[in-house]
Amino acid sequence: ENTDAAGGETKLSGEVKVDGSSTVAPLSEAAASIYKEEGGQAGVNVSVGTSGTGGGFEKFCKGETDISNASRPIKDAEKAACEAAGIKFKELIVANDALTVVVSKDNTWADCLTVDQLKKIWEPNSKVNNWNQVDPKFPSEPLKLFGAGTDSGTFDYFTAEINGEEGASRTDYTASENDNVTVQGVSGTKGGLGYFGFTYFEENAAKLKALKVDGGAGCVEPSLKTAQDNTYKPLSRPLFIYVSDAGAKKPQVENFVSFYIESIDDIVKEAKFVPLTEQQKGTLKSEFDALKAAV
Amino acid sequence: MTTSTQSAGSVAGNSLRRGRRRPIESIVQVLLVAAALVSIVTTVGIVIALADPTIEFFQQVSLVEFFTTTSWTPTFAQKAYGVLPLVSATLVVTAIALIIAVPIGLGSAIYLSEYAKPATRRVLKPIIELLAGVPTVVYGFVALFALNPLLQKWWPTDNGPGFQNLLIAGIAMGIMIVPTIASISEDSMAAVPRSLREGAYALASTKMQVSTRVVVPAAISGIVAAVVLGVSRAVGETMIVTIAGGLTSDRVVFNPLEGAATMTAFIANISSGDIPVGSLDYDSVFAVGALLFLITFALNAVSIRMVRRFREVYE
Amino acid sequence: MSAPTLTPTRPEPSAPGAALTQRRSRPGEVAFRLAMQSCLVIAFGVLASLLAWVLIKGWNRLDSRLWTEMPTGLTSRLDGAGVQSALVGTLWIISLVAVICLPIGILSAIYLEEYADNTRWYNRLLELNIQNLAGVPSIIFGILGLGIIARALGLGFTVITAAIVLSLLVLPVVIIATREAIRAVPQSIRQASYALGATKWQTVSRQVLPSAVPGIATGSILALSRAIGEAAPLIVLGAVTFITFNPDGLDSAYTALPIQIYTFITRPQAEFAELAAGAIVLLLAIVLVMNSIAIFVRNRFEKRW
Amino acid sequence: MNPDTTSRPAVNIAGVGAQPVAGHQPRAAAPVMELSGVSVYYGAYEAVRGTSMPIQEKQITAMIGPSGCGKSTILRSLNRMNDLIPGARVTGSVTYHGQDLYAKDVDPIEVRRRIGMVFQKPNPFPKSIYDNVAYGPRVTGMKVANMDDLVEKALRDAALWDEVKDKLKSSGLSLSGGQQQRLCIARTIAVKPEIILMDEPCSALDPIATAKIEDLMFELSNDYTIVIVTHNMQQAARVSHYTSFFTAEVDEKQERHGRLVEFTNTSKLFTNPTDKRTEDYITGRFG
Amino acid sequence: MNPDTTSRPAVNIAGVGAQPVAGHQPRAAAPVMELSGVSVYYGAYEAVRGTSMPIQEKQITAMIGPSGCGKSTILRSLNRMNDLIPGARVTGSVTYHGQDLYAKDVDPIEVRRRIGMVFQKPNPFPKSIYDNVAYGPRVTGMKVANMDDLVEKALRDAALWDEVKDKLKSSGLSLSGGQQQRLCIARTIAVKPEIILMDEPCSALDPIATAKIEDLMFELSNDYTIVIVTHNMQQAARVSHYTSFFTAEVDEKQERHGRLVEFTNTSKLFTNPTDKRTEDYITGRFG
Ligand SMILES: Nc1ncnc2c1ncn2[C@@H]1O[C@H](COP(=O)(O)OP(=O)(O)OP(=O)(O)O)[C@@H](O)[C@H]1O
Ligand SMILES: Nc1ncnc2c1ncn2[C@@H]1O[C@H](COP(=O)(O)OP(=O)(O)OP(=O)(O)O)[C@@H](O)[C@H]1O
Ligand SMILES: [Mg+2]
Ligand SMILES: [Mg+2]
Ligand SMILES: O=P([O-])([O-])[O-]
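Respectively, the protein sequence lines represent chains A, B, C, D and E.
Okay, so the first sequence: first residue is 1 according to my numbering, each after it adds one.
Okay, so the second sequence: first residue is 1 according to my numbering, each after it adds one.
Okay, so the third sequence: first residue is 1 according to my numbering, each after it adds one.
Okay, so the fourth sequence: first residue is 1 according to my numbering, each after it adds one.
Okay, so the fifth sequence: first residue is 1 according to my numbering, each after it adds one.
So that you can see chain A by itself, here it is in the shape it has in the complex (with noise of 0.2 Å):
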């Protein structure tokens, strides 16, 4: 039944409206550029806003979107906004990311932290200022941070696995919301040091260095496969899109939606993420097939 939705044999027309986070918005952007072209809707009209996670779910419990994208699970205090409105949704999984720690270049002496080095260097009111301080063995080289806005996902989940607390972090580095600036800082610096998304380490890998992560099973690299097959841990993380019942309800959302499902390689490809692995698919089917069904 969907399958002749996405055919394009019924004439839909109507907005759907994704908001959310700025990290899985390529994503989304991805899928409606090629559900334009291939989704057979001329009359549907998708938007994607990038309020950051928080903001997104806060105007999806307000039943202002239909779908809202997430770089982190939604927390208990928007779950509980959501049935106060009466708003009902589904979790969906689309894509996996590897939040990637970057050094410069110039950096020639590290080459994998540890998450307790990690935490070392991030947590609240740490004092590493100097390369030196993470491991003995690092020449002294001044630490420069830069990291994610304070108010995004990425923030969000890279607190809670590093330093055991969602938002605990030391404050004295360089935020922004905008991932160019960390590119830019941990490029030009030689003891620079950052974190950002998968995406925007493969975009500047010719200016950067990831460095690999032991989160106790050995030092693993950041790529498409460790972040896959959930090695690259603790930093390996699934993006989410949420889709409201009723948003679900419109012919247009549900039509989007299951595109959006059928589509799912390419549009993971075009926007440069980590893909979905053959038992996630399964997952993310059945999951839509559910609220299909509950609707």
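If you are wondering where the hints come from, they were derived from the structure by calculation, not from laboratory data.
Keep in mind that a hint or two might mislead.
Cut-off 25 Å, straight-line C-alpha distance, at most; resulting in silico cross-link-like pairs (DSS-like, lysine-lysine) [said to hold, decoys possible]: (1) Lys212/A with Lys233/A; (2) Lys79/B with Lys75/A; (3) Lys212/E with Lys276/D; (4) Lys212/A with Lys62/A.
Some chain A residues well away from chain B (every beta-carbon gap over 12 Å; in silico) [unchecked claim]: (5) Glu15; (6) Gly215; (7) Pro238; (8) Glu287.
The following label-pair restraints were derived from C-beta to C-beta distances [what the hints assert, rightly or not]: (9) Asp215/E with Glu252/D: 22 to 28 Å; (10) Arg17/B with Ser170/E: 27 to 33 Å; (11) Glu180/C with Leu37/B: 18 to 24 Å; (12) Glu163/E with Leu294/B: 46 to 52 Å; (13) Gly164/A with Val289/C: 52 to 58 Å; (14) Glu166/A with Asp248/C: 37 to 43 Å.
All C-beta atoms, glycine included, are put in the ideal place defined by N, C-alpha and C.
Model the placement of chains B, C, D and E with the ligands on the given structure of chain A, informed by the hints.
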């Protein structure tokens, strides 16, 4: 027409009593007043939009903490609500902008008003006004991708400015306000009556003497008003600092080579981001907004005074 | 006093008829002139090179695709991407701003200049309020829009919300410019009209306004061009950043050029920076053309009474 | 225009060596307007004090006096143009055919239609010549059978028709100063007022244009009552039937107040002034 | 001031009934400046044509004539104030003690130090009274032993000292119009010029202030050469030793050009003008 005598011309002794009603006049009056009220409603709206969350904010954060502590980290786990870092960054950027814009703007104005040939002035003045209209997102882009790389390249020492820093934001902002300052001070210099210049020339003054001893002092309140306007644009400017100024706000920064968040940059970043309505963090945006509103309010009051004085000087 | 004394030294002030020819050399004079001139040259030089830099940076993007193509989320197709939806969004917003803001602004100005008795406290308050609003940072208007217009009035994140917010933002500009234009119409024209038995509105509508049209047009265009370039309030309003369709109504989602530029800047692919530069050139072209028209109108048509 | 029905005043303020000529007596006439005890205030400042004088029908009444003595102020009080100045206030009585001009139920717009005004600097509207003249009839809602005829008549009466008949569509501002002033007069005539007030109508004009306007004024006095303010004594002497001389007195608080010193017929005022100050002024001992 | 050494001109332009009094003859004197064949252009427009006249030392020379005839233009050519008007150009010769004022190597700033100027509207700088007077000596780099003395002397000479001695620090703009004009004169005197040019210095003033300035001018003529433009014939007659009468001629292209009609001593010009146009003007037949 109601009176038959309307077109009778110079018939003597016609009554002058109100003959005709003029309903259009009254309708127009009502419309005009209604339109004028829109601006009052706007101000009231701003105050309402700011007041509620701001009051809530200050129920949880004391004014003392807000104004005296030196770390602003509402989005971190260990939250701190001292607004001074945002204020200091705003000050630094504004100061840099003025250091650049005031001399260049004023110099340009003096040249245009006292030295340039009328034909030159006729061409350049509109161009300056034209440049005053360049959208600020353009300056942000240019600061980030063109100016800062240059600055980093030319910086004499190793620990030069970072990718985002207050210096570059200030420079870009300075460049941005040059046209405003130049144009308004030129206006006020042009408004100095010719007769004053002639009086000075007739006393055997040179051009420099006329410019610096007569024209600039006579136009000073207009010039000050231009500078104050420049300050208030710098304080309220958002895009440049958001793009090129940085976001750090955990301590008071006076070193322009570091990046730091100004009040506006904080608002722009947070209000597009990840915070739930009603939370303290959300309220903090409005508290900063209210502070910004008050600061610009004060600046405007100064500027309005200046302009008024400047208008009255020669009357 | 008899024959003129042509003493070579600088004469005692009252010595009549002394030679006028020994020009004092005035090096300070020359230096000052040069300093002032360099200020102007620097100002123009810097601004010109910045604009030139943007032009060069966006050069590859400066063809019709910029406005015939939509933005794309497909990194493999970035070459063919444009900013049509943002351009159309900007045009929508600006037309609405014109419709909302200009009548209100012009009527307010007429009230203040021609009708208000400015010895009354409420009229002075009104005036002060407008001058003050003119200096309120644009981002505060974003907060107003978010809290009151989008949420409290329930207009949501739509074209009309953006248009109302930007209208309120530039309203003081229109009012102040219109007042200047109205004030520039000489009193003698009003008096002549009243002396012929015209009523107030007849005088205002038939004499004052037509004469003030160039000034009003100038102020209006400048206000609109300011509104076109504003990004900050739209960011606070949460303007949508990716749209592959053109807005089709007041309640439609939208994006606008400054927002599109801002989001392009944050993307990792180099093509986005290029596209941002291209979009900037487009935005600049619109703004500069509008401003030029405004300045031309002012210089060409403004009456010198 | 029939010269026989008018008596042209012809006082000549002579330079040394020129022969003074006594002016004609004004025609016998009834006052159309009467000022009695008129003071005009700008805010708290009393600009002119207790002025009483008549305005005679179809005569030219001139007001002279040094700058700032309140001539314009009094003139404007005659058609309530002072209403337009915030804070201006008139006390005493100004009557028009016996009606109090400042009574509550008097419509100032109606007043101004009856009592027209021509200003110091020619101020044509930035419209076509035709529209300048047609403006008054249009806004006052006059019933006009044929506007073209009315415009032509007014322009003829203002002695401008021949000069502009081929370019009625061009802007009033394209005319020379003297022509512009005649256009302003035509515009005023077009609404068929009874009285025309003129505030230094020639002071912005060259001598030739001035002569034309003076001739015109004189012709107009066949049909209209004219009040003219002038700083030019010669002009008052040349053109008017009656002259009032104003001056400014300085009071104990060093404030200056305008005062009517003498009002009488023109030839008497210039040949045989009653007041010492008038004599000083017209003989050039001050001013 | 010693009245014996000066001859006060006293031509009286009389109204009817007043007795004309022939003016005194001017003192014998040598010309300080000479205009010969001076024409002044604004761009392509020739505002004044071929003017030739001397300026006599320590005498008052008046320039009269209807508006627009080029009086101000000629006056400004005497201290190169025309240099400041873009496009203004002077042909013919203006000499100062025999030196060509417009020679290449003449320093216009030096010219203006010697030949000061007072303007129609009083234009004190928005500075203190003291600074207004001290301005000239300061900018010209005069060696001044004691500036206070110099300021006092200048203010005394300008007959203003008594009125302002207690408020030298208050703004020049706080003075009345007449006082402001005397301040401008004091300011000019302070740089010890040889010649003072005055362009309608009383036209913005009331009669009392005017009288004061006229007295002052007359006293100043003991020490200074004065050239005054006035639109007020009476004033010229009262105050000057020599008078030049200008008028405007209209040429074949309908352009108006100023022309010097007659230059002679004041009493002769007013009692026995040579030119018909002068006579018409002073007898009030036009203007
Ligand atoms: N609108 C006004 N507000 C306050 N004072 C005014 C106003 N108009 C005129 N005055 C004052 O009233 C007095 C009389 O002015 P008015 O214009 O009537 O004089 P006038 O005789 O016409 O002079 P002039 O010959 O210069 O035109 C002057 O002192 C003037 O300053
Ligand atoms: N800066 C200027 N540019 C062009 N033309 C000028 C300029 N100044 C004066 N004129 C013209 O030159 C002519 C003479 O002007 P000028 O001011 O010398 O006359 P005036 O005799 O002083 O008149 P008034 O009595 O009105 O002051 C006039 O036609 C005037 O329009
Ligand atoms: Mg007057
Ligand atoms: Mg002049
Ligand atoms: O935009 P975020 O994914 O960082 O919330």
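Now the hints, each set against the structure:
1. For the hint pairing lysine 212/A with lysine 233/A, the CA-to-CA distance comes to about 10 Å; that is within 25 Å, so the pair holds.
2. Among the hinted pairs, lysine 79/B with lysine 75/A is consistent with the structure: their alpha-carbon atoms are about 19 Å apart, no more than 25 Å.
3. For the hint linking lysine 212/E to lysine 276/D, the alpha-carbon distance of about 21 Å falls within 25 Å, and the restraint holds.
4. Straight-line distance between C-alpha atoms of lysine 212/A and lysine 62/A comes to about 41 Å, which puts the hinted pair past the 25 Å bound.
5. Every beta carbon of chain B lies more than 12 Å from that of glutamate 15/A, the smallest distance being close to 21 Å; the non-interface claim holds.
6. No beta-carbon of chain B is positioned within 12 Å of the beta-carbon of glycine 215/A; the least distance is around 22 Å.
7. No Cβ of chain B approaches the Cβ of proline 238/A within 12 Å, the least distance being about 18 Å, so the stated non-interface status holds.
8. At the 12 Å boundary, the C-beta of glutamate 287/A stays outside the reach of chain B, the nearest C-beta of that chain being 25 Å off.
9. Checked against the given bound of 22 to 28 Å, the beta carbons of aspartate 215/E and glutamate 252/D, roughly 25 Å apart, stay inside it.
10. At roughly 54 Å, the beta-carbon separation of arginine 17/B and serine 170/E lies outside the given 27 to 33 Å, and the hint is violated.
11. Checked against the hint of 18 to 24 Å, the C-beta distance between glutamate 180/C and leucine 37/B comes to roughly 21 Å, which is consistent with it.
12. Distance hint check for glutamate 163/E and leucine 294/B: the Cβ-Cβ separation is about 48 Å, which falls inside the suggested range of 46 to 52 Å.
13. Range check, glycine 164/A to valine 289/C: about 56 Å between beta-carbon atoms, so the 52 to 58 Å window is met.
14. In this structure the hint that glutamate 166/A and aspartate 248/C lie 37 to 43 Å apart at CB holds, the actual value being about 41 Å.
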